[in-house]
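**Student:** Please take these sequences and the hints and turn them into a complete structure.
Chain by chain, the residues:
4 protein chains.
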Amino acid sequence: MMKHVTTLTVRPYECDSYGHVNHAVYVNYLEHARMQYLHAANFDYKGLIRSGFFTFITRVDISYRSPAFADDVLEIETEPEDLRKVRGVMHQVVRRGEIVIAEAHVHWCVVNAEGRPSRPPSAFDMGGMAP
Amino acid sequence: MMKHVTTLTVRPYECDSYGHVNHAVYVNYLEHARMQYLHAANFDYKGLIRSGFFTFITRVDISYRSPAFADDVLEIETEPEDLRKVRGVMHQVVRRGEIVIAEAHVHWCVVNAEGRPSRPPSAFDMGGMAP
Amino acid sequence: MMKHVTTLTVRPYECDSYGHVNHAVYVNYLEHARMQYLHAANFDYKGLIRSGFFTFITRVDISYRSPAFADDVLEIETEPEDLRKVRGVMHQVVRRGEIVIAEAHVHWCVVNAEGRPSRPPSAFDMGGMAP
Amino acid sequence: MMKHVTTLTVRPYECDSYGHVNHAVYVNYLEHARMQYLHAANFDYKGLIRSGFFTFITRVDISYRSPAFADDVLEIETEPEDLRKVRGVMHQVVRRGEIVIAEAHVHWCVVNAEGRPSRPPSAFDMGGMAP
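Sequence order for the protein chains is A, B, C and D.
The numbering used here puts the first residue of the first sequence at 1, with every later residue one more than the last.
The numbering used here puts the first residue of the second sequence at 1, with every later residue one more than the last.
The numbering used here puts the first residue of the third sequence at 1, with every later residue one more than the last.
The numbering used here puts the first residue of the fourth sequence at 1, with every later residue one more than the last.
No lab work stands behind these hints: they were computed from the structure.
Please read these numbers as outputs of a predicted model, since none were measured by experiment.
Hints may contain errors.
Intra- or inter-copy, both count: the list cannot distinguish identical chains.
[What the hints assert, rightly or not] Calculated pairs, DMTMM-like style, for lysine to aspartate or glutamate (alpha carbon to alpha carbon, straight line, at most 25 Å):
1. 46 to 114
2. 46 to 103
3. 46 to 77
4. 85 to 61
5. 85 to 98
6. 3 to 44
7. 46 to 72
8. 46 to 71
9. 3 to 98
10. 3 to 61
**Tutor:** As C-alpha cells, this is what we get:
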C-alpha cells in the first residue's frame with residue numbers, strides 16, 4: 001500500500017507558552033497529511049461528500065517523542081495499516097530529519113448522512129486508494 | 001483518588017465544516033479540564049514551572065463516540081488512573097448529558113529544563129494531588 | 001440599544017510562546033461574545049441559516065491595549081454601534097477588571113446563499129435585535 | 001521598501017461550518033507571512049528576543065473581501081507602510097490568483113521585558129529591515 005510524505009513548516013502561532021508545538025496541533029497536522037495522502041491517491045473526497053457520505057475519525061492514539069519548535073521543517077509519513085471498505089487505520093509518523101517527533105494510529109470509518117457507519121458507492125472504495 | 005468535572009460550552013469557531021467540534025479541539029478541551037483538575041486539587045502548577053520543571057504529554061489515546069455541536073454544554077470528567085511521582089495517566093470522559101462524546105487516556109511525565117523525565121521537589125509530588 | 005457582557009476564562013492553550021493570549025484568539029473571543037449577544041437578544045440565528053442567509057464579517061478593526069494570561073477572567077462587552085437591516089457594526093471591549101485588554105469594531109453584513117449582501121426575511125431583521 | 005510574497009495552502013481544519021476559512025485564521029496567516037518577511041529580510045528575530053525585547057501587535061485592521069476554501073492556494077503580500085525604530089505598520093494583502101480575499105494594516109511596536117515600547121539595540125533597528 002502507498003506510503004506518502006507531506007512536508008510542512010511549523011508556524012509561530014502553533015507553539016504554546018513552552019515554545020513547543022502545542023500537542024493538539026499535531027492532530028491537525030495529521031489530518032492535513034491524510035488529506036494530502038488522499039489527493040496523491042487521486043481519491044475523490046469532494047465526490048464522497050457530494051454522495052452524502054463523509055469520514056468520521058473514531059480514534060487517535062498519538063505518542064509524543066520529542067518537542068518541535070517554530071520554523072522546524074517536519075515530514076509526516078502516512079501509510080494505511082488496515083484499509084477496508086467502511087473503516088481503516090492510518091499509521092502516521094512526524095519527523096524532523098532523523099528525529100521522531102510523534103507517531104500515531106488514526107482510526108476512521110465512512111458514515112452516511114445520519115452518521116452511521118455505512119459502505120459508500122464502490123467508486124469511493126477506500127480499499128481502492130492504494131495505487 | 002479525586003474525580004473532577006469541568007463544564008464548558010462549545011463555541012462556534014471550534015466547529016469544522018461538518019458543523020461538528022473539530023476532533024483536534026477535544027485535545028485542547030482535555031488539557032483545559034486537566035488544568036481545572038489541578039486547580040481543584042490545589043496543585044501549584046505555576047510553582048512547578050518556577051522550580052524549573054514542567055509536564056510533558058507523552059501520549060493521548062482518544063476515542064470519538066458521537067459528534068458535538070455549537071452551543072452544546074459538555075461535561076468533562078477527569079480522574080487519575082495511575083499517579084506516580086514522575087509519570088501518570090489521566091482518564092477523561094466528555095459527555096453531553098448521558099451521551100458519551102469522547103473518552104481518552106492521557107499519559108504525562110514531569111520533565112526538567114532539559115526535557116528529561118525527572119522527579120520534581122516533593123512539594124510538587126503528583127502523587128500528592130489526590131485529596 | 002442593548003449592551004451585553006460575556007465572561008470567559010483564558011485557557012492555557014490559547015496562549016502563545018510569550019505566555020500571552022495569542023492576538024488571533026481575541027477574534028475568536030469576539031465572535032463567541034457576539035453569538036452570546038444574539039442569544040441574549042433572542043435572535044434566531046439558526047433560523048436565519050435555515051432561511052438560506054448567513055452573516056459575513058467584512059471588517060475587524062481591533063486594538064490591543066494590554067496582554068492577557070492563562071486563567072485570566074475576561075469580560076467582553078458587546079454593543080451595536082450601527083444596526084441596519086443588511087449590515088451593521090458592533091463595538092466590543094475586552095476587560096480584565098478595570099484594565100482594557102482589547103477594543104474592536106466589527107463590521108458584518110447579511111448575505112444570501114450566493115454570498116451577496118441581501119436583506120433577510122423581516123423576522124430576521126437585525127435592526128430588530130435591540131430590546 | 002521590500003515587498004514580500006508568501007504562498008500557503010488552506011488546510012481543511014482552518015475552515016469553519018460555512019466551509020470558509022474562519023475569519024480569525026487570517027490573523028494567524030498574516031503573522032506567519034510577517035515572520036517570512038523578516039526571514040527574507042535577514043532580520044534576526046530570535047536575537048531580538050534574546051536581547052530582552054519583543055514585538056507587540058497593537059492593532060489589526062483587516063477587511064474581508066471574498067471567502068477562501070480548503071485547498072485554496074493563497075498568496076500573501078507583505079509590505080511595510082511605515083517603518084520606524086520602535087513602531088511601524090505593515091500592509092498585507094491575501095489573494096487567490098487575481099481575487100483579493102483580505103487586506104490588512106497591522107500596527108506593531110517593539111517592547112522591552114516590562115512590555116513598554118522601547119528602542120532595541122541598533123542591530124535590531126526595524127528601520128534597517130528594508131534591503
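**Student:** If you test the structure against every hint from before, which numbers come out violated?
**Tutor:** 2, 5
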